[in-house]
Structures are given as structure tokens and as C-alpha cells.
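Chains as they are written, first to last, in my numbering: chain A, 15 to 288; chain B, 15 to 288.
Treat the hints as calculated values from the structure; they're not laboratory data. Check the hints yourself; a few may be wrong.
Pairs involving identical chains hold if they fit within one copy or between any two copies, as the list cannot separate such chains.
[As the list claims (entries may be wrong)] Result set (DMTMM-like, lysine to aspartate or glutamate): computed pairs, CA atoms no more than 20 Å apart in a straight line:
1) K160 x E122
2) K222 x E283
3) K138 x D240
4) K266 x D91
5) K160 x D281
6) K251 x D150
7) K222 x D281
Letter by letter, the chains look like this.
2 protein chains.
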Amino acid sequence: MDIRKVFVGDGSKKRKKLKGILLLSGLTLVGAVTLSAFSVPNSVSDDVVFQASTADALYSSVFDGYITYGKLKRNGDFGLGAPDHIDGEIMAIDGKYYQSKTDGTVRETDDAETVSWATVKFFKPEKSFDILQPIDCEDFKATLDKKLPTVNVFYAIKVVGVFDSVQYQNFPRMEKPYASFSEGLANAVNEEVNDVEGTFMGFRFPEKTAPDLNVPQYHLHLLTNDKQNAGHINTCKIRRARVYIDAASQLKVDLPNTLPYYQSPLDGEVIGSG
Amino acid sequence: MDIRKVFVGDGSKKRKKLKGILLLSGLTLVGAVTLSAFSVPNSVSDDVVFQASTADALYSSVFDGYITYGKLKRNGDFGLGAPDHIDGEIMAIDGKYYQSKTDGTVRETDDAETVSWATVKFFKPEKSFDILQPIDCEDFKATLDKKLPTVNVFYAIKVVGVFDSVQYQNFPRMEKPYASFSEGLANAVNEEVNDVEGTFMGFRFPEKTAPDLNVPQYHLHLLTNDKQNAGHINTCKIRRARVYIDAASQLKVDLPNTLPYYQSPLDGEVIGSG
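For reference, chain A alone in the conformation it holds in the complex (with noise of 0.2 Å):
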């Protein structure tokens, strides 16, 4: 059994099916399910995500950018991570990176520049389905989970719609010494964007799993349709949208090269969810 097969069903296993759908219904605030067609035959086992260094790192001042984006084109076209110095924010689609920083700007970032952390994949959802009603981000995740048919996995999740309001922040450039995670935290650039078009993007990670590795359970990002917004999500309204959901049972940890990571302690506070 795969995922694919519980979102999807299977003519040839029909108590599966039926399992299936019904993991996809009873919802009141979530309008029309759209089962969508597969795009590559391959099974979601074969699906891996791809993550650059650890949380744990980052957790620990571990900032410098060690891996490009040219690397990280190569193992996938969407996904967030943040850039060299945590200068901001990275916001991945369609195969084009994008950086957002806290002065207000978002900008295509270069292959040979380099990120500090990272999670991204080759999007190729399973599964999509309609918002039609007014939610908010925290009703919209734990709506999402109800609808997802394990939460042991791994998720790409990719929000493309109208939102009413999205409240995100970039975290500052940090220079060496580094100061703590939690410091440049509390010098992160809050911003509120309303009545905006735009994608969120990024991931669901299991959540014993994640703690040391990843973000716990939802982390996403925002890119305005016109460039304009950019950063990490705290809280949102969305009006409408459509919702796409990718499974992937691999994930590849990829760890820096560094002497600032061979040497860390790696004693950060783990900040917790994103």
C-alpha cells in the first residue's frame, strides 16, 4: 500500500477506496474535493524530499550558507528555506528562488549564492482540493490534518489563492559573532499584507520526528503574485483557494560541510512548530 492509494483509491481494492474517501469528507468549512489526475507514475515512495542542514543547526547559530541554489535546484523546484546569514527568507516555485529580506524587498536569487537551511522537493501533488469559505491558517491546518490519511509522513503542501490577511516576518541578517536563534527572532521584521493574491508553500513534517531535524508539523511561506510580499507565515485568513498536497515517504538530510557545523555544540533551544 501507498499513499497515493488511500487519497486516491484503487478499483481493484475497494474497502481501501471507500477508506479513502471518506478520510477526504466531513468537512463543513472546506467546499468541493477535486481528486487530481497523477502526473508521473511513480509511487509516492519514490517521492523524497530534500532538506539542507537541521534545525538543530540553525537552532545554534549555525548561519553561514553552505549549500547554492543551484545545488538545491537540482533536488527540487519548490519548497523555503532561509539564505546565507538567515538574510530573510527563501520562497521556492515553479524552479525559480526567490529571497525576501527585511527592508521589504524580494528578489530571484542567484545559482552560486548560498542558503544556511533549507526544505524542498519536485512538487507533484496527489491530491488537491477547493477552499470556498472564509478560514484561518490554524482552522485551515488542523482541517488539512483530518484530510490527510496518516500524519507520519512527509507533505508538501502548496496554497495557491485570495487571502484576506497574512501576517509573516523575516528574520534579520545575522553577522558573526552570531548572536543567538532566539535573539535574531526577536529582531524579526513582522509584516501584515491584506486582500492579496499570492501562494503559500512548504511542508508538514511528522511531529516526533521533525523536533531536532525540521519544523514540526506546518511550515510555510508566502510569495504575493506579484512579488511583492514575501516571508515566513505566523497567522493568516485565507478568502478562497485552491490547495495542493504532495506525500513523499523519503526524505534526505543533507548536512553542511562546515567547520561551524562539525564544531557546534548544537545546543540551540528548539524553537518548536513554525
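Guided by the hints, dock chain B onto chain A, whose structure is given.
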């Protein structure tokens, strides 16, 4: 920089070379240090440890085999694991996979059989050294830790030698409905073998990255040369040995595509280091 350079030094980087050599010395219990040649030109950063299922899953009684030895072989020729129903222990060396059981038998496995948990790698050691005087396992691990350029990456460890004593265990076959991992562990069969030639095979995982994913720090299994004794090592005394170390900065985690895994609360108690 990569780990290989720290191990071996680099003509253009005298200070790093010196540091590497210093890291490799300073031991009284361990004799001549031999730096082996590299058999593969790839850098350590391309090396991948492959892990089937997670420690969380095992500790939460997800004991069903889900991945074949055949697939494991495509991801590594060396390593260890737990068979379907945790019916004993798995030892992999030189591309062959062996299963030991509580009845004391050791046999080579068939590719079509399945495994519930495993960590494997294509073994390509960057470094080797000789143990010339007796040392017990705990001191050996502490000594080895000091020789590593960092404890923040993954290492495959192979110890080929003569052992004064090895206390090892075989996990008992679990039957559905599965009891807890702790209950299985309480019924493990412990044995001791003395004055024997054989191999220890296993891994060292970073302390904090591992606990929910894999065994923190060292996890070693035994296979004697005569294939008569094998299992998970609890304690040992090495008489003399050659130790091979294979560093890796990438980990690929493969989660089970099974209903028991999908439905598990993953709430098993984390047992800790191996």
C-alpha cells in the same frame, strides 16, 4: 571543506592537516595509526546512509517487515537492522545480509524477505587504524569519539578483529497483536562468546539528530567469522582489531508505506543509545 580533508589533510592546507593528525593521535590504548587510501574519488558529501523506518516506529511496535532485503541491497552493502516481526537481528557485510535469531541460528537471508527497520550504507572507509592492546567497548567508543573530526555527522563503523568477549542479544520474534518494544526487549536472549574472531558492524549517529529517527551515538552488531554467533552488541572486550571509519553527511530516511505505520500514534518510549 569536507570530512575527508580533515581526516587526511591537504597539501595546500597545512594547518588543517596538522589538526587532522593531532586528532588522530593522543591515544595510549590505540597503537599505530594507519591512514588508508581512498578507493572512491567522490567526496564524503556524496556519501549517503540509508535508513528504513524510524526508531520511533520501532519503539511504537511497528514491527511488520515492509522493505525487502533486495531493496536494502540496492542502498547498501553494509549495516544492521531488525527482521520482519523483529525476529532476531540483521547483520550486513560485503553485500550479504544475515539474520540471527533467539534460537542461536545465523543464516543468510533471501532478497524477497522483508525487514522492519534497518540502517545500511555502501561501505567506503576514509580511515582505518589498529587497536593493538585490549580495550573494552565503552572505552573503545570514547576513544573513537575523540578521533573523529566531528560528532555531528553520520559514521559507518567496521571493527575486524579478535575479541576476548562479546555480550550480545537477539530480540525475540514478536507476534500480533504486538506487545511493547520494552516487553520484547525484556525477553531478548542474551549470550556471551569468548576468544572469537569476527566483525562489529554499525553506525554512529549524532546525539540530538538521532533519538526519534535512529539510535544515538554507537549502534553495533556482531558477526563471527565462522557465522556461528551474531546479534546486537551490549558490551565487549576487543583484544586487537582494525577499525574502519566511513563518514557520511547525507541520510536518506525511508518511511514504511503500511497501514500499521500510518495509523501508529508513534508514542513508544524512546529507549536511547544502543
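Verification of the hints:
1. K160 x E122: neither (35 Å within a copy, 43 Å between copies)
2. K222 x E283: So K222 and E283 pass the 20 Å test inside a copy (16 Å) and across (12 Å) alike.
3. K138 x D240: neither (24 Å within a copy, 49 Å between copies)
4. K266 x D91: both (15 Å within a copy, 19 Å between copies)
5. K160 x D281: between (34 Å within a copy, 19 Å between copies)
6. K251 x D150: within (4 Å within a copy, 60 Å between copies)
7. K222 x D281: both (18 Å within a copy, 9 Å between copies)
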